[in-house]
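Asker: Each chain is listed here by its residues.
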Amino acid sequence: MNECYARMNQGEVIVAYKGSISAEVISNTLSLIETKLEESAEQTGVKKKLYNVLVESLQNLFHHVDAINNTDETESNFGAFVLAKQDQIFRISTGNFIRSDKSKVLKEKIDKINSLSKEELKDFYKFVLNNQSFSEKGGGGLGLIDIARKTGNKLEYNFYDYNKDFDFFNLNVYINE
Amino acid sequence: MINIEGTPKTPTVSMNPSTGVIEIKGRSIPENSIEFYKPIVDWLEEYYQGPAAKTVVNVQLEYFNTSSSKCILDVFKKLENLKKNQKDVIINWYYEEDDEDMLEAGEDYESIIKVPFKMIQIVD
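Going down the list, the sequences are from chains G and P.
Per this note's numbering: the first sequence = residues 61 to 237.
Per this note's numbering: the second sequence = residues 2 to 125.
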C-alpha cells in the first residue's frame, strides 16, 4: 500500500486525497480543480479533456469503493486519488479496495480495452451505450471505455494483495498536454 | 411545459409543446443521472399525444459524463419514436470549435438514432 501511494504521488502533485469517498468529496474536488484549471495557462482543449476525464475517473471511483470491514487503518468507502503532472503529461491515479473475486473480471475488462484500436473503442463504446443497462451502483459500464477513448492512452493498473478477501486496485490514467 | 434551471452538475432544460422546441444546455455530470432525466423522458411520452408539427431539439452541452450519456440516449430514443410516427424531428448538436470529443459524441448518437442530426460548431 505504501509503495502504491508513493508511486501515486510522483511528479508535481496538483491535488491528493486519501480517505472516505463521498459524493461531497468528489464534488468539492471537481470544483476546486476546475478553478485551478481556469487559472492555469493550459490550452482550452487540454483543460476540457482533463476535466472530463477527471469527472469520469472520480465518479468511477465513487461508484466502486467496496465496503471493506472496518479496521483501524481504513474508513468505510475508502479510496485515494491524485492528480499530478510530470514531463508534460497529466496523471490521474485512483486507488480503491475491490473484492478479490472481482479483480479478475476487472483486469480482463481493462486488458480488453487496452487491446482495442481507436476505431474499435468507438464501436465498443457505442455497443455498451446501446445495449447495457445501468448497474445497481448507477454506473453505466462506460467509464473506463470513455476514459481510454478520450485520452488515447492505455490504462495502467496494478492490483495489490491486501488480505484474503480484498485487493487494492490502482488505476493510472495519462492525459497528454 | 418543462423549465429546469441549470446547476453546476445538471443542465438547463426547457420543453415547449406548442412551439415544439426542446433545449438541453450546460453540463450534465451528476453521479446518478436517471433521477434527473426521468421527468424529461416522461414528458416526451406525454408529448406524443399532441406534438407540434415540427420538433426542434437543441443540445448544447459543455460536459457530460457516461452516466448521462445513457439517459441522453433514452431521450433520443423517444424522439426516434416520434419520427417513426411520421413527425418532423431534428436534433441540433452544438459543439465548441476546439471540442472534438463533443463532436464525436454527437456523431455516435447520430449513428445509433434514426433522426436527422445537424452538427453545429460554436465559434467564439
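Please note that the accuracy of each hint is not assured.
Claimed, not checked - With a straight-line cut-off of 30 Å between C-alpha atoms, the simulated DSSO-like cross-links for lysine-lysine are:
#1 K186/G / K115/P
#2 K178/G / K78/P
#3 K182/G / K84/P
#4 K78/P / K186/G
#5 K178/G / K88/P
#6 K172/G / K84/P
#7 K162/G / K96/G
#8 K84/P / K186/G
#9 K169/G / K107/G
#10 K115/P / K182/G
#11 K107/G / K85/P
#12 K186/G / K79/P
#13 K119/P / K182/G
#14 K186/G / K172/G
#15 K119/P / K186/G
#16 K164/G / K119/P
#17 K167/G / K178/G
#18 K214/G / K186/G
#19 K182/G / K78/P
#20 K26/P / K96/G
#21 K119/P / K178/G
#22 K119/P / K172/G
#23 K78/P / K169/G
#24 K79/P / K224/G
#25 K39/P / K186/G
#26 K107/G / K119/P
#27 K182/G / K39/P
#28 K119/P / K78/P
#29 K107/G / K55/P
#30 K182/G / K85/P
#31 K182/G / K172/G
#32 K182/G / K79/P
#33 K172/G / K78/P
#34 K178/G / K115/P
#35 K88/P / K78/P
These aren't lab readings, by the way, just hints derived from the structure by calculation.
Asker: Which of the numbered hints above does this structure break?
Answerer: 5, 6, 7, 11, 16, 22, 24 and 29
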